[in-house]
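Take a look at the letters that make up each chain.
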Amino acid sequence: MTTEMNAVRYVDGTAVVDLPPQIDSTAEHALNSAYAAAAEHGSKTVLLNFAGVDFLSSTGIALIVGILARARKDGRTITAAALSDHYREIFEITRLSDFMTIYGDESAALKGGKK
Amino acid sequence: MMTLTRTFRRVIGRGDTTATSTPARPASRSRVLETAPIDIAPNDPILAYFHAGSGAVAIDELHLDSPAVTALRAAGVKLVVPLISQGELIGLLNLGRRLSDQDYSADDRRLLEKLAAQASPAVRVAQLVREQEAEVRARERINQELRVAQLIQQQFLPKTLPDLPGWQVAAFYRAAAEVGGDFYDFIDLPDGKLGLVIGDVSGHGVPAALVMATTRSVLRTEAPRLVAPGRVLERVNEFLDADIPQNMFVTCLYAVLDPRTGALRYANAGHDLPFVRRGAAVEELRATGMPLGAMPGMRYDERETTLGPGDVILLHSDGLAEAHDTTRAMFGFPRMRGLMGRLGIGVDLIDGLMDDLARFTGPAWEQEDDITLVTLARSAGVSGEHVLLEFREPSVPGSERKVMERVAAVVANVGLDAKRYERLKTAVSEAAMNAIEHGNHSDPELPVHVRVSVTGDELMVRIVDNGGGKEIPEAETPDLEAKLAGLQKPRGWGLFLIKNMVDDLRTHTTETHHTVELVMRLGEKGADR
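Here the protein sequences line up with chains A and B, keeping their order.
Note that my numbering has the first sequence beginning at 84, numbered continuously upward.
Note that my numbering has the second sequence beginning at 76, numbered continuously upward.
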């Protein structure tokens with residue numbers, strides 16, 4: 084099963100990826116194709132927007148790690164926004180937050196990204 | 076031979092067919108061969124004669140001691156042409172007297188034999204189609220009956236287990252393909268007592284299911300009124316004896332439990348004896364009595380025992396003990412008794428028995444009879460465990476989330492703050508995922524068992540899979556740098572997450588199972604980590 088999601092939005096050169104509600108193995112295709120689209124578009128920054136996410140599993144974390152690894156190789160920046168307190172804690176425990184900036188919401192991320 | 080006899084009833088007449096379709100000419104004057112169907116016994120010597128392939132046979136010239144020949148002669152048959160298809164006699168072409176009253180000529184015979192040779196395959200095809208249709212109808216009728224029997228059975232088995240504080244209750248029922256008449260029931264009685272019923276109706280299918288439904292409703296009516304188990308069985312026996320079809324009877328064990336004291340009064344109408352485990356010892360609960368519906372005026376022995384803290388009772392039907400392996404050896408009561416002494420309680424006990432049965436019978440086993448198991452365990456001591464929820468989910472994608480949601484619903488009000496509640500949810504879904512993928516290898520037939528319980532101020536979610544053998548590894552901190560540099564796979568976060576989400580993570584591995592226990596201490600605050 085793959086979860087389809089809306090096409091990537093581009094705001095001032097940042098690719099904004101609105102993540103599907105469930106970030107686990109079902110989101111693999113959606114996540115990878117969103118990153119590929121952003122890369123093709125030439126965006127230097129990809130913002131993962133967690134506003135609609137209500138379930139994140141360890142498989143989902145592995146997907147994000149995979150995207151982050153590719154972005155580092157490609158010289159791209161990954162940021163995240165709108166994580167719930169619980170998932171922010173998980174980003175801290177897994178140290179993902181050491182490798183990607185986490186913003187409160189999308190607009191904060193876009194402002195921060197322009198700095 | 077059934078088809079032969081049926082075939083030979085079809086007598087094909089020769090004659091002026093217009094006679095029957097023209098009302099102006101009285102039928103009685105026609106020369107149509109009008110005969111009753113002729114049955115030919117499978118051992119009639121004429122069959123060998125027809126089989127010999129001699130072609131058309133003039134009946135009057137036959138000198139055989141054959142009832143069929145006599146019957147054919149009496150019916151006015153003069154000439155018989157066997158219809159043979161693939162060397163098999165499939166019918167006869169019977170001819171009466173010629174209209175001209177002359178004998179059949181050699182030309183006539185040749186013509187008829189040619190006709191028979193050409194007609195035979197067509198007749199055979201028609202027969203096969205007809206047999207096929209009859210078979211399909213018969214199969215459909217049997218399937219329909221089985222569906223009805225299953226429906227009745229399911230309708231009258233309890234949908235939920237009784238909620239008894241201080242007791243753990245589990246029940247299992249698996250119908251045989253033929254649907255036996257097993258049943259069990261829990262009946263609420265006055266003063267907080269609980270009636271326990273297990274029974275088995277002789278026979279299978281719809282009749283057994285109907286008797287089961289009747290027995291159950293009489294029990295349900297009489298149990299709260301009479302209470303005393305012996306009296307209840309007496310009453311049910313009187314009722315059934317009047318109404319039950321001949322040669323049918325019902326074995327039934329009925330017990331009344333006082334959950335506060337553990338007192339158990341019971342009476343038995345010829346049913347298999349329940350096992351009780353006290354410490355390491357396993358005993359049978361004996362009481363005598365005839366099956367219900369066998370004869371009127373029966374009296375039933377009433378006995379009493381007490382189930383103390385930690386004691387376990389198992390009620391069962393003969394479907395388990397009387398299962399056979401490939402060498403026709405029986406599973407048997409001694410084996411059950413041995414298992415009862417070694418296994419756990421509740422669902423663990425039931426699963427342990429069924430797992431052992433699967434090992435005993437091998438994979439190709441076709442279940443011979445219904446299997447019913449009902450077990451109650453009294454919690455050990457005052458600081459005993461209170462089970463909030465116990466369930467199973469199949470090892471299919473998405474089950475991890477279902478497990479998480481069911482656990483979340485039941486622990487919503489036990490006193491975890493929001494932060495720790497979310498942590499437990501993540502730990503539960505991760506542990507369920509591991510059980511599905513690593514323990515059960517995503518085999519939908521293998522369930523993941525989940526039990527949520529509170530002991531004192533400790534909340535425990537226990538997740539069991541059918542993995543076993545290989546220990547669950549220690550949770551290690553993943554090397555994120557190596558993963559980001561592409562030196563390691565991105566996966567491998569599950570156990571690490573679980574360990575960081577709960578107060579205590581305990582794992583046990585046996586030959587057949589993995590057990591993961593997630594512990595949260597109630598009353599602690601979700602401090603930042």
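Hint data in this document are derived by calculation from the structure and do not stem from the laboratory.
C-beta atoms are modelled at their ideal positions from N, C-alpha and C, and glycine is treated no differently.
Don't take each hint at face value.
[To be verified] Facing chain A, from chain B, some residues (calculated, C-beta under 10 Å):
hint : residue
1    : D333
2    : R434
3    : L572
4    : I573
Okay, the hints, checked on the actual structure:
no.	hint	in the structure
1	D333	violated (45 Å)
2	R434	violated (33 Å)
3	L572	holds (5 Å)
4	I573	holds (9 Å)
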